[in-house]
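Chemist: Protein sequences appear in the order of chains Z and W.
Numbering (numbering that gives the first Met the number 0) for the first sequence: 0 to 242.
Numbering (numbering that gives the first Met the number 0) for the second sequence: 0 to 207.
Certain hints may be false.
[As the list claims (entries may be wrong)] The list that follows gives simulated cross-link-like pairs (lysine-lysine, DSS-like), each with its CA atoms no further than 30 Å apart:
#1 129/W x 211/Z
#2 129/W x 209/Z
#3 30/W x 40/W
#4 163/W x 129/W
#5 209/Z x 163/W
#6 30/W x 211/Z
#7 87/W x 163/W
#8 30/W x 129/W
#9 90/W x 209/Z
[Stated by the list, open to error] Quick look at which bits of chain W chain Z covers, simulated, 3 or more residues with Cβ under 8 Å:
#10 174-181
#11 184-198
Read the hints as simulated data drawn from the structure, not as lab findings.
As the structure is a prediction and not an experimental result, all values here were calculated from the model.
Yeah, the Cβ is synthetic: ideal placement off N, Cα and C, and Gly gets one too.
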Amino acid sequence: MEDAPHVTSRFPSRESDDSLLQWSKWQLLDSILPTGGFAHSFGLEAAMQARIVSHPEDLQSYIIHTLENTGSLLLPFVHSASTSPDFQTWRQLDMILDATLTNEVSRRASVSQGSALMRVSSSVFSEISSLKTMRNESLSNGDACFHHAPAFGLVCGLVGLDSETCQRAYMFITMRDIISAATRLNLVGPLGAAVLQHQVSFVAEELLKKWKNRGVDEACQTSPLLDTVQGCHSYLFSRLFCS
Amino acid sequence: MMAESSVKMETGRLVVGRVGGKSAVTRCFSKYPLKFIVPTKAGRSQIDAVWIYTLTYGGGIVSGDCISFDLTIEDGCTAVLTTQASTKVYKSVAFKCSEQVMEARVGDGALLVVIPDPVTCFSTAKYSQKQVFRIMSGSSLLVVDWITSGRHESGEKWDFTLYKSTNNIYMETNPLFLDTVLLENGNVTSIAERMQDYQVIAMVILLG
Numbered sequence: 000m001e002d003a004p005h006v007t008s009r010f011p012s013r014e015s016d017d018s019l020l021q022w023s024k025w026q027l028l029d030s031i032l033p034t035g036g037f038a039h040s041f042g043l044e045a046a047m048q049a050r051i052v053s054h055p056e057d058l059q060s061y062i063i064h065t066l067e068n069t070g071s072l073l074l075p076f077v078h079s080a081s082t083s084p085d086f087q088t089w090r091q092l093d094m095i096l097d098a099t100l101t102n103e104v105s106r107r108a109s110v111s112q113g114s115a116l117m118r119v120s121s122s123v124f125s126e127i128s129s130l131k132t133m134r135n136e137s138l139s140n141g142d143a144c145f146h147h148a149p150a151f152g153l154v155c156g157l158v159g160l161d162s163e164t165c166q167r168a169y170m171f172i173t174m175r176d177i178i179s180a181a182t183r184l185n186l187v188g189p190l191g192a193a194v195l196q197h198q199v200s201f202v203a204e205e206l207l208k209k210w211k212n213r214g215v216d217e218a219c220q221t222s223p224l225l226d227t228v229q230g231c232h233s234y235l236f237s238r239l240f241c242s
Numbered sequence: 000m001m002a003e004s005s006v007k008m009e010t011g012r013l014v015v016g017r018v019g020g021k022s023a024v025t026r027c028f029s030k031y032p033l034k035f036i037v038p039t040k041a042g043r044s045q046i047d048a049v050w051i052y053t054l055t056y057g058g059g060i061v062s063g064d065c066i067s068f069d070l071t072i073e074d075g076c077t078a079v080l081t082t083q084a085s086t087k088v089y090k091s092v093a094f095k096c097s098e099q100v101m102e103a104r105v106g107d108g109a110l111l112v113v114i115p116d117p118v119t120c121f122s123t124a125k126y127s128q129k130q131v132f133r134i135m136s137g138s139s140l141l142v143v144d145w146i147t148s149g150r151h152e153s154g155e156k157w158d159f160t161l162y163k164s165t166n167n168i169y170m171e172t173n174p175l176f177l178d179t180v181l182l183e184n185g186n187v188t189s190i191a192e193r194m195q196d197y198q199v200i201a202m203v204i205l206l207g
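Whole structure, please, built from the sequences with the hints as guidance.
Modeler: Written out as structure tokens, the structure reads:
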């Protein structure tokens with residue numbers, strides 16, 4: 000994806016490590032990484048059928064509101080997991096997020112993307128043996144949910160990205176997935192989507208600045224309307240997406 | 000048992016226990032700006048339930064008020080916590096935030112019903128509310144938490160500065176349900192934009 004290099008930052012480590020880290024980073028953010036993000040519309044499909052989004056202008060504010068909610072609700076989990084990417088912290092965050100996602104549709108979406116991300120990354124980043132160990136141990140105990148935000152923070156943290164980059168990356172993939180869903184729902188064409196993505200990135204950066212580096216006790220919903228609409232997704236008669 | 004919560008400025012404490020085979024208030028304390036009223040004829044007499052009305056002097060919450068109370072519903076008891084009218088949060092003075100904190104323990108086989116009128120925040124109001132429920136595996140709980148857009152007759156729609164509402168439920172020590180809604184008129188998006196034409200949000204929790 001051409002936009003991946005937007006998510007850059009300076010790394011203090013040596014130059015060769017730096018270069019390799021960039022490859023890992025791009026791969027993590029690349030849409031071909033099979034984590035199933037594109038099966039989800041983040042409530043956009045339900046919002047469209049509920050006539051909350053019908054024009055391109057509505058789409059832009061929908062994306063911004065969803066990103067704000069992602070920032071306030073999920074970035075604390077990405078932040079905490081990426082700053083201490085260990086088994087104990089991750090399991091704790093996974094449990095807290097499971098109690099926090101009170102909307103069943105988004106809870107299921109988070110679990111399916113998180114599980115896929117853990118499966119893919121433990122195979123892809125085989126040099127990080129702890130990823131596989133953590134995954135296997137949790138699977139054999141059968142008590143982890145594998146929610147997306149803590150899993151993403153854990154993987155990025157173990158790969159070696161700094162916490163701010165992880166949080167920006169999480170905003171990026173959320174935006175990428177909604178915009179991709181919008182093109183498939185025919186709300187915007189591919190070129191229009193690219194233009195929109197660039198426009199929204201400035202707002203997304205503002206939102207990141209506002210919500211980054213917070214603890215999970217500060218995690219909150221800022222768009223209850225969107226949460227409610229997304230919760231209706233499973234009642235849609237015909238649907239393209241899982242959430 | 001309540002040692003950790005007595006550190007903060009407590010304005011009320013109420014215990015419902017079983018007396019003579021029926022739910023009854025065994026302890027009741029409140030101080031300004033909070034008052035508990037426990038009428039005996041609020042519900043039907045054949046139903047075993049204690050009705051507790053919380054009220055505030057002046058009919059609303061004044062900027063900077065801090066209300067904090069503990070509620071204990073002992074094993075096998077039923078209590079209803081409600082209000083007489085909507086909780087009005089008046090305009091914020093000198094950017095002060097008003098707070099209301101409740102911590103409730105619900106025993107085994109006990110039922111707590113929290114059905115207040117909605118919160119109505121006046122323009123510029125700042126209000127933060129936190130309700131923590133500590134339940135057992137045999138407890139039942141019904142919670143309604145709702146807010147209106149404000150005094151829309153006066154043209155105030157989502158015109159307050161900040162509203163934060165937290166509802167956390169812990170089963171023994173494990174988090175079971177953690178929810179915080181934050182509506183803040185910020186620089187990126189306003190509350191009215193996020194709520195579109197909706198004038199009320201309500202959350203209903205049923206557990207048991």
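Chemist: The structure should be examined with respect to each hint, and the outcome stated for every one.
Modeler: Now the hints, each set against the structure:
| no. | hint | result |
| --- | --- | --- |
| 1 | 129/W x 211/Z | holds (23 Å) |
| 2 | 129/W x 209/Z | holds (23 Å) |
| 3 | 30/W x 40/W | holds (24 Å) |
| 4 | 163/W x 129/W | holds (8 Å) |
| 5 | 209/Z x 163/W | holds (17 Å) |
| 6 | 30/W x 211/Z | violated (40 Å) |
| 7 | 87/W x 163/W | holds (14 Å) |
| 8 | 30/W x 129/W | holds (19 Å) |
| 9 | 90/W x 209/Z | holds (25 Å) |
| 10 | 174-181 | holds (count 8) |
| 11 | 184-198 | holds (count 9) |
Violated hint for the displayed structure: number 6, the only one.
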